[in-house]
Amino acid sequence: MPGTERAPTYFLARQRSLVTPLILLCVLLVISAWHGPHLFTSDGLAGAVIGAAPLVLATLGITVIAVAGPAGVDLSVGPVMTFINIVIVLGLPLVGVSSPVLVFVAAIIVGVLLQVAMGTLIACLRVSTVVVTLAVYLVLDGLNTVILPEPGGTAPDWLASWGAASSILSPILYVPVAAFVLWTLITASTFFRNIRLMGANDRTAFVSGVALIPTRIGAHVIAGIFVGIASVMYSGLIGSADPTAGASYTLSAVTALVIGGASLAGGRAKGLGSVIGAIDIWLISYVLSTFNFGLNASYWVEFATGAVLVAALFAGGILSGLSPRAWRHQGGLAGPTP
Amino acid sequence: MNAASAASSSLGANFVEVSSVSKSFGETRALRGCNFSARAGEVHAVVGENGSGKSTLAKLLAGVLYPDAGSVRVNGASPASPHAARARGIAVVFQEILIAEGGSVLDNLYIGDDGLFSARRSQRQKRAEAAALLDRLVGGPVALDAPVEDLSLNTRQWVVIARALLGKPSLVVFDEATAALDHSSVERFFEVVRELRASGVCVLIVTHRIHELTAICDRATVLSDGADVGTLAGGEITEARLLELMRGEAGSGPAGGAVPERPAGASCSAANAALVVSKLRLAPDAPPIDLAVGQGEIVGLAGLEGHGQVEFIQAVSGIKRGVGGSIHVRREGRLHAIDSALSADRANLAYIPGDRKAEGTFPNLSVFENFGIACYRRSARAGFVDRRRVMRMFRDQVERLSIRIGSAAAPIHSLSGGNQQKIVVGRALAASPLVLALNDPTRGVDIGAKRDLYALLRRLAENGKAILFLSNEIEEFVGLCDRVAVFRLQSAFAVLAGEEITADSVLAAMFGYAGALERERARH
Chain Z
1 MPGTERAPTY
11 FLARQRSLVT
21 PLILLCVLLV
31 ISAWHGPHLF
41 TSDGLAGAVI
51 GAAPLVLATL
61 GITVIAVAGP
71 AGVDLSVGPV
81 MTFINIVIVL
91 GLPLVGVSSP
101 VLVFVAAIIV
111 GVLLQVAMGT
121 LIACLRVSTV
131 VVTLAVYLVL
141 DGLNTVILPE
151 PGGTAPDWLA
161 SWGAASSILS
171 PILYVPVAAF
181 VLWTLITAST
191 FFRNIRLMGA
201 NDRTAFVSGV
211 ALIPTRIGAH
221 VIAGIFVGIA
231 SVMYSGLIGS
241 ADPTAGASYT
251 LSAVTALVIG
261 GASLAGGRAK
271 GLGSVIGAID
281 IWLISYVLST
291 FNFGLNASYW
301 VEFATGAVLV
311 AALFAGGILS
321 GLSPRAWRHQ
331 GGLAGPTP
Chain Y
1 MNAASAASSS
11 LGANFVEVSS
21 VSKSFGETRA
31 LRGCNFSARA
41 GEVHAVVGEN
51 GSGKSTLAKL
61 LAGVLYPDAG
71 SVRVNGASPA
81 SPHAARARGI
91 AVVFQEILIA
101 EGGSVLDNLY
111 IGDDGLFSAR
121 RSQRQKRAEA
131 AALLDRLVGG
141 PVALDAPVED
151 LSLNTRQWVV
161 IARALLGKPS
171 LVVFDEATAA
181 LDHSSVERFF
191 EVVRELRASG
201 VCVLIVTHRI
211 HELTAICDRA
221 TVLSDGADVG
231 TLAGGEITEA
241 RLLELMRGEA
251 GSGPAGGAVP
261 ERPAGASCSA
271 ANAALVVSKL
281 RLAPDAPPID
291 LAVGQGEIVG
301 LAGLEGHGQV
311 EFIQAVSGIK
321 RGVGGSIHVR
331 REGRLHAIDS
341 ALSADRANLA
351 YIPGDRKAEG
361 TFPNLSVFEN
371 FGIACYRRSA
381 RAGFVDRRRV
391 MRMFRDQVER
401 LSIRIGSAAA
411 PIHSLSGGNQ
421 QKIVVGRALA
431 ASPLVLALND
441 PTRGVDIGAK
451 RDLYALLRRL
461 AENGKAILFL
471 SNEIEEFVGL
481 CDRVAVFRLQ
491 SAFAVLAGEE
501 ITADSVLAAM
511 FGYAGALERE
521 RARH
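Here the protein sequences come in this chain order: Z and Y. When the letters of the first sequence are read in order and numbered with my numbering, they come out as residues 1 to 338. When the letters of the second sequence are read in order and numbered with my numbering, they come out as residues 1 to 524.
For the record, the hints were derived by calculation from the structure and aren't laboratory data. This one's a predicted model, so the numbers in the text were calculated from it and none came from an experiment. Treat the hints with caution; some may be incorrect.
[Said to hold, decoys possible] To give a feel for the contact side, a few chain Y residues facing chain Z, derived at Cβ under 10 Å: (1) R39; (2) K59; (3) V64; (4) Y66; (5) P67; (6) D68; (7) A69; (8) G70; (9) R73; (10) D113; (11) L144; (12) P147; (13) L151; (14) S152; (15) L153; (16) A409.
[Stated by the list, open to error] Some residues of chain Z that are not near chain Y, with every Cβ distance over 12 Å (derived): (17) V130; (18) D202; (19) V210; (20) L212.
Virtual Cβ for every residue (Gly too), placed ideally from N, Cα, C.
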């Protein structure tokens, strides 16, 4: 029957947004091979996975919010991860919870609850995602420092040992892989398709019978799951609780999201793109750490990340053929409104 | 007047029952006490002029809108939300082609079909069903994985129609569904409608195309000004009868009182032409348009929605480009070509949009800012804003147009629709333009403000301005305009002048019915 076979051309066309992050990944890997070959040892790879996993998972979390659109930028992710980090390190031992399964469950529950609270505000009051998540960023960032003025505590032993792994074949790799498998399953579901279509055009989705409020809140539930897992990985990475260090994940994750090719207008974002984008961000700081910038290293990382972001957007624009004409076609012009 | 529908309801149970429904949007009353009924297994048309409430009726049936008063019942229950309507087998194809760009064709076909967590059909089943249906509708295979934005307008329209049909509906509403279909597609569309009728589905067709009615409809209900004015059945459905019903209200409608006095009778000659449009094509296959507007002349632009009059006025104003041809403003013996909004401004042509929210105003800014936005640059001193000078221009226009404003610093939305429109007009007049292009300026404006606007246009014309006036209310042309260009199928179908301009002749020309026009011409 005509039209029933999957046309490979459209499959390739849909992967076009991956081109920019992949090129960037290759460039960064080549520089690493030349200047920091330690990365390609088992120990180096383990360090890379430990370092990149929290960002990769956090970026996957906010990718769902970006898909649900419009202008779905989740700014809260950094302080939320910090909050869950404090809960894992200081809160759970108080109630005697320390087994791996229960820690994951608790982290995911806290992540989902926070995201559902935000999603409900966004969906029911129709406030923009940026405003709500910015408010939560500020509230939690303050609250975290109130609860824990100084870094302290120690992560459960099993989690701390994950963070110290020196072999690539350790739980630190299995968890992100399992999370990505979960991601693949979720994105194949009918529910995720509704999220995507809502992000692409919520009016069409509404008149076609998609229930917008549960769909939007559901997108936040998915985000909460991934942010929860990201927080466990983050706790393993730092091995303790830190009230401020996590906040920077907000900007890194949003940058990774954009480099990964997500459309902030909604409807278009790929998990694989976000993963590669997050790896790119981590690699930028790795590559720069192999140069000797001394005390200024962190500033140079920010500088380079920003420059790469601009370059990636520019390259992405050229690759997708976004000529001024296409831009005008997309909406600058006022047509007759029915 | 509803004798026909009353008689028919005794023939069988009504599947759709709309009784004395009213619906308002702000000051605009889209439906007032509208009654309508349709049976299962019939094709029922809903006809009427622009703004007669047809699309509102379709949205009520779809559960997108909820009536202010009265009741809408489909198969005994009222559609409370699009979701509920869909579950009850109501499928509506809306006038706008609603697709989710970025999704594939398949996604767009089944949007809203899946439950929250489970699909009602397997992916394979969906692909097979969708491929078979689209193949039949479009007349050739359509790639299901293609992004919808790659499709032609014709195919997009079919995708939207197919979305409605895939749900196995018991009621299908086609709101101008054939507007974007090409000629060969329309025949296939008729076939689909006949099949639906044969299988006992209730089909409602909202349309402007009389040919469609006479071809496939069992009954037709005419709406005028938000109320039903009559239902025709079978052989009664003729162009003449439909026009008669539509214009029955037109003469005595509420807008009737607002018609201005007869114009002085300006005319356009080669000598005084201020705006010259020659061989302008709005679409590659549309006939070219030639139109000249003289100084002191008001030329009306009429047409059914989507027949090119809006595109024409936007092309003249440099906002949109035509396919070919040229547009010039002649000022002091020199020709100024218009091909962009900037060149229109330089040529002394002012565009006054009617859709204040979309094009006319900056809703977040104050009354004064809204006025001054176009004046700052012109009145600037060495690149700095001369606020006092702009304020003087503002006071001047407020006085001349007798705009009622509270404070100049108040947000624009604190004004009534009519006064907002006056600010927009005043902003254009502050540049002392030679040609004015008004795109439906009286939409959502009360009668008093309309009357003020007519008087103002007349005064401006007497002062030597050339005016293009697009409106959706036919009665407005009568008495106000020196000539009326009636658009049909992306071209000027007829140009009426002087005494020829009557509500009847304009309406007839809008429907491509030249007979009335010929008779009118023969009488003079």
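Going down the list of hints, with the structure as the test:
1. R39: 25 Å, violated
2. K59: 8 Å, holds
3. V64: 5 Å, holds
4. Y66: 14 Å, violated
5. P67: With a minimum Cβ separation of about 17 Å from chain Z (threshold 10 Å), the hint on Y/P67 is violated.
6. D68: 20 Å, violated
7. A69: Constraint on Y/A69 not satisfied, violated at 23 Å.
8. G70: Violated, because the Cβ-Cβ distance from Y/G70 to chain Z comes to roughly 22 Å (cut-off 10 Å).
9. R73: 19 Å, violated
10. D113: Where the cut-off is 10 Å and the nearest Cβ of chain Z is about 8 Å from Y/D113, the hint holds.
11. L144: 5 Å, holds
12. P147: Nearest chain Z Cβ about 7 Å off; hint holds.
13. L151: 12 Å, violated
14. S152: 15 Å, violated
15. L153: With a closest approach of 13 Å, the Y/L153 hint is violated.
16. A409: This hint is violated: Y/A409 lies away from chain Z, its Cβ roughly 26 Å from the closest one there, beyond 10 Å.
17. V130: Non-interface label on Z/V130 holds, nearest chain Y Cβ at 17 Å vs cutoff 12 Å.
18. D202: The claim breaks: Z/D202 does not keep its Cβ more than 12 Å from every Cβ of chain Y (closest is about 9 Å).
19. V210: Violated, since 5 Å does not exceed 12 Å.
20. L212: 10 Å, violated
The structure fails hints 1, 4, 5, 6, 7, 8, 9, 13, 14, 15, 16, 18, 19, 20 (numbered hints given earlier, in ascending order).
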